[in-house]
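Q: Please model the entire structure based on the sequences and the hints provided.
As a plain string of letters, each chain reads:
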Amino acid sequence: MTRTIETITFEDAVRFISLEADCLDHRDYATWLGLWAKDGIYAIPIDPDAEDFADRLNYAYDDAAMRRMRVSRLTSGESMSARDASNTLRSLSRFRMLDDEPASDVRIRCAQHLVDYRRGAYRTYAANVTYRLRVEDGGIRLAEKVVRLINSTDALAGMSFLL
Amino acid sequence: MTSRDFDALVLPDRVHSSLYRDPAIFEEEMDRIFNRSWVWVAHESDIPKAGDFLTTHVGRQPVIVNRDRKGDIRVMVNRCRHRGATVCEARRGNAAGFVCPYHAWTYSQDGSLRGVPLPKGYKDFDKAEYGLVQLRVETYAGLVFATFNHDIEPLDTFLGRAKPWIDLFMKQGGGFPVKTMGEHRFTFPGNWKIQLENTTDAYHFPIVHKSFLTSLDNATEDLFSFMDAGGYVEDLGNGHSVMVMIPELVDLDDNLDADIPDRFADIAEELRRDYPEEQVRKIVRAIGGSGFNLNLFPNLACSMAFFRVLRPLAVDETEIRHIAIGMDGGPDIANRARLRLHEHFQGPMGFGTPDDAEAWERVQRGSAGSADPAWIMVNRGEDKTAANAGDVTAETGMRAAYQMWKRMMSA
Numbered sequence: 001m002t003r004t005i006e007t008i009t010f011e012d013a014v015r016f017i018s019l020e021a022d023c024l025d026h027r028d029y030a031t032w033l034g035l036w037a038k039d040g041i042y043a044i045p046i047d048p049d050a051e052d053f054a055d056r057l058n059y060a061y062d063d064a065a066m067r068r069m070r071v072s073r074l075t076s077g078e079s080m081s082a083r084d085a086s087n088t089l090r091s092l093s094r095f096r097m098l099d100d101e102p103a104s105d106v107r108i109r110c111a112q113h114l115v116d117y118r119r120g121a122y123r124t125y126a127a128n129v130t131y132r133l134r135v136e137d138g139g140i141r142l143a144e145k146v147v148r149l150i151n152s153t154d155a156l157a158g159m160s161f162l163l
Numbered sequence: 164m165t166s167r168d169f170d171a172l173v174l175p176d177r178v179h180s181s182l183y184r185d186p187a188i189f190e191e192e193m194d195r196i197f198n199r200s201w202v203w204v205a206h207e208s209d210i211p212k213a214g215d216f217l218t219t220h221v222g223r224q225p226v227i228v229n230r231d232r233k234g235d236i237r238v239m240v241n242r243c244r245h246r247g248a249t250v251c252e253a254r255r256g257n258a259a260g261f262v263c264p265y266h267a268w269t270y271s272q273d274g275s276l277r278g279v280p281l282p283k284g285y286k287d288f289d290k291a292e293y294g295l296v297q298l299r300v301e302t303y304a305g306l307v308f309a310t311f312n313h314d315i316e317p318l319d320t321f322l323g324r325a326k327p328w329i330d331l332f333m334k335q336g337g338g339f340p341v342k343t344m345g346e347h348r349f350t351f352p353g354n355w356k357i358q359l360e361n362t363t364d365a366y367h368f369p370i371v372h373k374s375f376l377t378s379l380d381n382a383t384e385d386l387f388s389f390m391d392a393g394g395y396v397e398d399l400g401n402g403h404s405v406m407v408m409i410p411e412l413v414d415l416d417d418n419l420d421a422d423i424p425d426r427f428a429d430i431a432e433e434l435r436r437d438y439p440e441e442q443v444r445k446i447v448r449a450i451g452g453s454g455f456n457l458n459l460f461p462n463l464a465c466s467m468a469f470f471r472v473l474r475p476l477a478v479d480e481t482e483i484r485h486i487a488i489g490m491d492g493g494p495d496i497a498n499r500a501r502l503r504l505h506e507h508f509q510g511p512m513g514f515g516t517p518d519d520a521e522a523w524e525r526v527q528r529g530s531a532g533s534a535d536p537a538w539i540m541v542n543r544g545e546d547k548t549a550a551n552a553g554d555v556t557a558e559t560g561m562r563a564a565y566q567m568w569k570r571m572m573s574a
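Each protein sequence line maps, in turn, to chains A and B. According to the working numbering, the first sequence is numbered sequentially starting from 1. According to the working numbering, the second sequence is numbered sequentially starting from 164.
Among the hints, a few may not be true.
Selected chain A positions facing chain B (Cβ under 8 Å, derived; list incomplete) [claimed, not checked]: (1) L57; (2) Y61; (3) M159.
Counterexamples of contact, computed for chain B against chain A with all Cβ distances above 10 Å [unchecked claim]: (4) T269; (5) S378; (6) Q442; (7) L502.
Since the hints were derived computationally from the structure, they do not count as laboratory data. Here the structure is a predicted model, which is why all the values come from computation and not from measurement. All residues carry an ideal CB built from backbone N, CA and C; glycine is no exception.
A: As structure tokens, this is what we get:
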């Protein structure tokens, strides 16, 4: 974030979450970690209706420490699945602000269509993603990202990437 | 294929790779093992009230597990007796009965046929002959098993020497009953027995799960570095086996005076507000689960802190469920800690499961190299000497499972 901002507009939000998506597809995990607010939560629930994640089982329910460990695992070379990780390409679309903007704390929802390629096979992961963005120190930080896979209650395959 | 052929494919110390690859063997397995053995279908806490049901499979057959009005647990084939449609597609719920969506044949909670539309179109129709097909059901310590084989030995006898280990495993309720708390469900492109073996394979742990070990605090990493910690594997009969990785966590009621690990210190402090010290220690000690994996042939494992359930889909495709368990009526903070531990290792985004799945997939792919000798070796720790008798990495549990496999396939 080069320019100092006080509130987040629709365009700011879309630009920010596009950057976040680009970091993940290009495995720029160091930049990705830096996009988060210190108390940010990254959640991938199983229950499609879940709003509160602490008391139920999720695919991921990460605070800052867990996110750092997750990135270490994907990059350290110690994980045999991550060593041969998928290539991913995600498209974000159908953006909708869930709060009035501009504001210093906003939620935006979009559709995410992710294609995963590994060992000659494509898989797709379709999800509704909700981001909560907050202004901190003149820049935008990710306070919460919730990825709701449309097939979250079905059997999935091992993932060597982040949704 | 004759029984004799199966004998030749399973030797005491090795099994033939066609057991992972041959579709004809897979068909025989579904018939001779999954249609004839006791198969785990649910935990009692999944269906606590009358009318509660879930749908699952016994082998490849769709079944409904429900609790009827009288409180009896029933397992019934999820197939209308008219033209074969499933009568229920919900994964779980509560229902007064089941109505086939095709022609509205209506079944009670106990599976009896209650009514059909326009009954006068049938001649000499006796509804009593058209109830949902019932499996035999028995339970042990909350575990619900079912079988199509009405002549099979009682579940109690089938579990045999595994029972005391089930009792030990259930102590992770921390003084409360054990309940299920959701599940991770995933598939891998490989044969079901590759997963069956893995639950009794300590040898892979420090290799495959290096990234998981690195993510732990030092004390916990030490706990999980169990290659030389006095563990062992024991054949419990009928294909069941136990692998003890962390001997001090076999009986969770023992050592309650030991220091509380740093990672649980905050939780203990919070629990002290509501519970006496002895109970705090019992709950805290139960959070991390048991120090062993109990492999129950053919489809369930009581694995440290969760249930592992496998379901063969095809010769080279298997579905695994890792069911989280917790303390029914226990403190939220303890159950939350258990959920986070489960998420840390298990599931398609866990720090452990994707690496396991990768190893299993590699076994399936590599087993295509079937030039003679096409054997899968399970001979580790076979020569029980004083030096290796207590070896946690012995492949004793795999040998036990394959001998049961041979017995059932040859029967």
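Q: Indicate, hint by hint, whether the structure satisfies it.
A: Comparing the hints with the structure gives:
The criterion of a C-beta within 8 Å of any C-beta in chain B is met by L57(A), whose closest approach is roughly 3 Å, and the hint holds. Annotation: Y61(A) was flagged as interfacial toward chain B, and the flag holds, the nearest CB pair being 6 Å apart, inside 8 Å. Proximity of M159(A) to chain B holds as hinted, the smallest CB-CB distance being about 5 Å (cut-off 8 Å). Listed as outside the interface, T269(B) is consistent with that label: its C-beta sits roughly 28 Å from the nearest C-beta of chain A, beyond the 10 Å cut-off.
With a minimum CB-CB distance of about 5 Å to chain A, S378(B) fails to clear the 10 Å threshold, and the non-interface call is violated. For Q442(B), the requirement that its beta carbon stay farther than 10 Å from each beta carbon of chain A is met, with the minimum near 21 Å. Under the 10 Å C-beta cut-off, the non-interface status given to L502(B) relative to chain A is violated; the minimum distance is some 5 Å.
Violated hints, in rising order: 5, 7; the structure is consistent with all others.
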